[in-house]
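These are the residues of each chain, in order.
Protein chains: 2
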Amino acid sequence: MDNRKAIMESALNLFYQKGYDAVGVQEIVECAGVTKPTLYHYFGSKRGLLETLIQVHYEELEKNIRCAAECEENLPGKLYRVARVFFDDNSSNIRVYMLLLALFYSGRKNEGFQVVAPFVQRICRMFIRIFENAADELGNMHGRQKQFAISFIGVLDYHLMMLINDYGDAEEISVPDEQVRGVVQQFMYGIYS
Amino acid sequence: MDNRKAIMESALNLFYQKGYDAVGVQEIVECAGVTKPTLYHYFGSKRGLLETLIQVHYEELEKNIRCAAECEENLPGKLYRVARVFFDDNSSNIRVYMLLLALFYSGRKNEGFQVVAPFVQRICRMFIRIFENAADELGNMHGRQKQFAISFIGVLDYHLMMLINDYGDAEEISVPDEQVRGVVQQFMYGIYS
DNA sequence: GTGTTATTATACCAATCGGTATAGAGACTG
DNA sequence: CAGTCTCTATACCGATTGGTATAATAACAC
Chain R
1 MDNRKAIMES ALNLFYQKGY DAVGVQEIVE CAGVTKPTLY HYFGSKRGLL
51 ETLIQVHYEE LEKNIRCAAE CEENLPGKLY RVARVFFDDN SSNIRVYMLL
101 LALFYSGRKN EGFQVVAPFV QRICRMFIRI FENAADELGN MHGRQKQFAI
151 SFIGVLDYHL MMLINDYGDA EEISVPDEQV RGVVQQFMYG IYS
Chain D
1001 MDNRKAIMES ALNLFYQKGY DAVGVQEIVE CAGVTKPTLY HYFGSKRGLL
1051 ETLIQVHYEE LEKNIRCAAE CEENLPGKLY RVARVFFDDN SSNIRVYMLL
1101 LALFYSGRKN EGFQVVAPFV QRICRMFIRI FENAADELGN MHGRQKQFAI
1151 SFIGVLDYHL MMLINDYGDA EEISVPDEQV RGVVQQFMYG IYS
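Line by line, the protein sequences are chains R and D.
Using my numbering, you'd call the opening residue of the first sequence number 1 and step up by one each time.
Using my numbering, you'd call the opening residue of the second sequence number 1001 and step up by one each time.
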């Protein structure tokens, strides 16, 4: 019962630190203090482990994003709240999201990519909808909703990546509000703002 | 003599499609039509192969970016030229850059990350310098050069990734000028422009 | 107490991993 | 011709890969 969670926790940490393909099943179970049959009993395969890992954590991530996106504020306020979801480290949120990204970049023929791609697309669609729902604020977007969404996600992702890089191996990553607001503001009004 | 290039070409394709860790040395040499000792003669190790692969291609990428960044235009013009370097598929440029990114996201304890991190940092510094050199256009940036640079790179990367994803397995990826200009313009003047 | 089910460890599998020892082949130098 | 140097193939190395067959353990219902 508890072994299941231990395996998932170990796997998340190892995948996040070394990459999905660079981590062996043996290493995961050792880190979790169990043996291989236990892992294969719960998850069936290494891929199955990754799938449930992503799925379970993604639910919460999506919920958080959706919640932030449905708040009663103007677009900048919404984007700020969404950004905060990404920069707020709920200990596992960041690791999951970075794993998602890493696998998304890992090449289309990679097993991890195939697992992760649909989830990334769902995130993209959520962001596109944010801009569509702000049509009254933005006016005619001339079909550029997707461009807006991709740009915004890209900005968030890269800032996140750089933060993780700067912080080194530190566990906690805290991003001050003003910095998040600065990023959103620049996105909204350009770099002259 | 030619075997060396064949190995590098095969490795680049395989790493790009399946990820560094998911590709075995055996697969590389088979794809190149040689045997393992040939690879180890030229590159010493799998890591050595990756290092020379990145190094050789990076030189050209950096040259192209630097060239675009030194043109005699205003900032939007410069950014447009730089963006074009990224979106112009010189058959190998995109593959190399995406490999660079994939490894950068792959986790700090990953072998590939350690190889690639210094190159990504060099790219970042180049972008930061672009904004610093535009101080006369931008005025006092209040130390936000790095934020500008990271945001811009993030926007480019994610657009690139999405393009590759939309195009599927197609070899050639052509991005119309207007789209590139749209992205740069949004970055410069915000989404109301 | 017996049967059933879920969970776990021991021990194993073929296949592949990155890497190499040895030696042959070819080109060039003396 | 002998010697040397670069390059490459055969065949191999120990270690690890993802995965499993078997059986023991424990908890449960009856």
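Think of the hints as simulated: they come from the structure by calculation, not from any bench.
Among the hints, erroneous ones may be present.
[Unchecked claim] Here are the simulated SDA-like pairs of lysine to any residue, each with C-alpha atoms no more than 25 angstroms apart in a straight line:
| no. | chain 1 | residue 1 | chain 2 | residue 2 |
| --- | --- | --- | --- | --- |
| 1 | D | K1018 | R | M98 |
| 2 | R | K18 | D | A1006 |
| 3 | R | K18 | D | K1018 |
| 4 | R | K5 | D | K1109 |
| 5 | R | K146 | D | N1165 |
| 6 | R | K109 | D | K1018 |
| 7 | D | K1018 | R | K5 |
| 8 | D | K1046 | R | F119 |
| 9 | D | K1109 | R | R47 |
| 10 | R | K5 | R | V85 |
| 11 | R | K146 | D | A1006 |
| 12 | R | K109 | R | K5 |
| 13 | R | K109 | D | K1146 |
| 14 | R | K146 | D | Y1192 |
| 15 | D | K1109 | R | V25 |
| 16 | D | K1018 | D | N1093 |
| 17 | D | K1146 | R | R47 |
| 18 | D | K1036 | D | A1006 |
| 19 | D | K1109 | R | K146 |
| 20 | D | K1018 | D | V1056 |
[Claimed, not checked] Calculated from the model, a selection of chain D residues having no Cβ within reach of chain R, i.e. all distances over 10 angstroms:
| no. | residue |
| --- | --- |
| 21 | F1043 |
| 22 | A1069 |
| 23 | D1088 |
| 24 | R1125 |
| 25 | L1138 |
| 26 | Q1179 |
[As the list claims (entries may be wrong)] A few chain R residues that face chain D, going by a derived Cβ cut-off under 8 angstroms, partial list only:
| no. | residue |
| --- | --- |
| 27 | V25 |
| 28 | Q26 |
| 29 | S106 |
| 30 | A135 |
| 31 | G154 |
| 32 | V183 |
Computed from a predicted structure; not experimentally measured.
Every residue gets a Cβ at the ideal spot worked out from N, C-alpha and C, and that includes glycine.
Here is how each hint holds up against the structure:
Of the supplied pair hints, the one linking K1018 of chain D and M98 of chain R holds, its CA atoms being roughly 18 angstroms apart against a limit of 25 angstroms. Distance check on the hinted pair: K18 of chain R and A1006 of chain D sit about 29 angstroms apart at the alpha-carbon level, beyond 25 angstroms; violated. Distance check on the hinted pair: K18 of chain R and K1018 of chain D sit about 16 angstroms apart at the alpha-carbon level, within 25 angstroms; holds. Between K5 of chain R and K1109 of chain D the alpha-carbon distance is near 23 angstroms, which keeps this suggested pair within the 25 angstroms criterion.
A hinted pair counts as satisfied when its Cα atoms are at most 25 angstroms apart, and K146 of chain R with N1165 of chain D qualifies at roughly 14 angstroms. Distance hint between K109 of chain R and K1018 of chain D is fulfilled; the C-alpha atoms sit about 5 angstroms from each other, no more than 25 angstroms. A C-alpha spacing of about 29 angstroms is found between K1018 of chain D and K5 of chain R, which places the hinted pair above 25 angstroms, so the restraint is violated. Using a Cα cut-off of 25 angstroms, the hinted pair K1046 of chain D and F119 of chain R is violated, with the two alpha carbons roughly 32 angstroms apart.
With a C-alpha separation of about 21 angstroms, the suggested pair K1109 of chain D and R47 of chain R falls inside the 25 angstroms cut-off, and the hint holds. Restraint check for K5 of chain R and V85 of chain R: satisfied, since their Cα atoms lie roughly 24 angstroms apart, inside the 25 angstroms limit. A hinted pair counts as satisfied when its Cα atoms are at most 25 angstroms apart, and K146 of chain R with A1006 of chain D does not qualify at roughly 39 angstroms. A distance of roughly 29 angstroms separates the Cα atoms of K109 of chain R and K5 of chain R; the hinted pair therefore is violated under the 25 angstroms criterion.
Restraint check for K109 of chain R and K1146 of chain D: the C-alpha separation of about 34 angstroms exceeds 25 angstroms, so the hint is violated. In summary, the hint linking K146 of chain R to Y1192 of chain D is supported, as the alpha carbons are separated by about 15 angstroms, within the 25 angstroms threshold. Note on K1109 of chain D and V25 of chain R: the hinted pairing holds, with a Cα-Cα distance of about 17 angstroms set against a maximum of 25 angstroms. At roughly 17 angstroms between alpha-carbon atoms, K1018 of chain D and N1093 of chain D fall within 25 angstroms of each other, so this suggested pair holds.
For the proposed pair K1146 of chain D and R47 of chain R, the alpha carbon gap of about 38 angstroms is over 25 angstroms, so the pair is violated. A threshold of 25 angstroms between alpha carbons decides the hint, and for K1036 of chain D with A1006 of chain D the separation of about 13 angstroms falls inside it, so the pair holds. Using a Cα cut-off of 25 angstroms, the hinted pair K1109 of chain D and K146 of chain R is violated, with the two alpha carbons roughly 34 angstroms apart. With a CA separation close to 21 angstroms, the supplied pair K1018 of chain D and V1056 of chain D stays within the 25 angstroms bound.
With a least beta-carbon separation of about 19 angstroms from chain R, F1043 of chain D lies farther than 10 angstroms from that chain, consistent with its non-interface assignment. Against chain R, the non-interface label of A1069 of chain D holds: every CB pair exceeds 10 angstroms, the least being about 16 angstroms. Separation of D1088 of chain D from chain R is adequate, the least Cβ-Cβ distance of about 19 angstroms exceeding the 10 angstroms criterion. Taking the minimum C-beta to C-beta distance to chain R, about 12 angstroms, the non-interface status of R1125 of chain D holds against the 10 angstroms cut.
Residue placement check: L1138 of chain D does not keep its beta carbon more than 10 angstroms from all beta carbons of chain R (closest about 7 angstroms). Chain R draws Q1179 of chain D into its interface by the beta-carbon criterion, the shortest separation being 8 angstroms against a cut-off of 10 angstroms. About 14 angstroms separates the beta-carbon of V25 of chain R from the nearest beta-carbon of chain D, more than 8 angstroms, and the hint is not met. A distance limit of 8 angstroms between C-beta atoms decides the matter here; for Q26 of chain R the minimum to chain D is near 15 angstroms, and the interface restraint is violated.
Interface restraint check for S106 of chain R: the shortest CB-CB distance to chain D comes to about 4 angstroms, inside 8 angstroms, so the restraint holds. Hint status for A135 of chain R relative to chain D: violated, with the closest Cβ pair at about 12 angstroms, above 8 angstroms. Among the interface hints, the one on G154 of chain R holds; its C-beta lies about 3 angstroms from the nearest C-beta in chain D, closer than the 8 angstroms criterion. Because the beta carbon of V183 of chain R sits about 7 angstroms from the nearest beta carbon in chain D, less than 8 angstroms, this interface hint is met.
Against the hints set out earlier in the document, violations occur for numbers 2, 7, 8, 11, 12, 13, 17, 19, 25, 26, 27, 28, 30.
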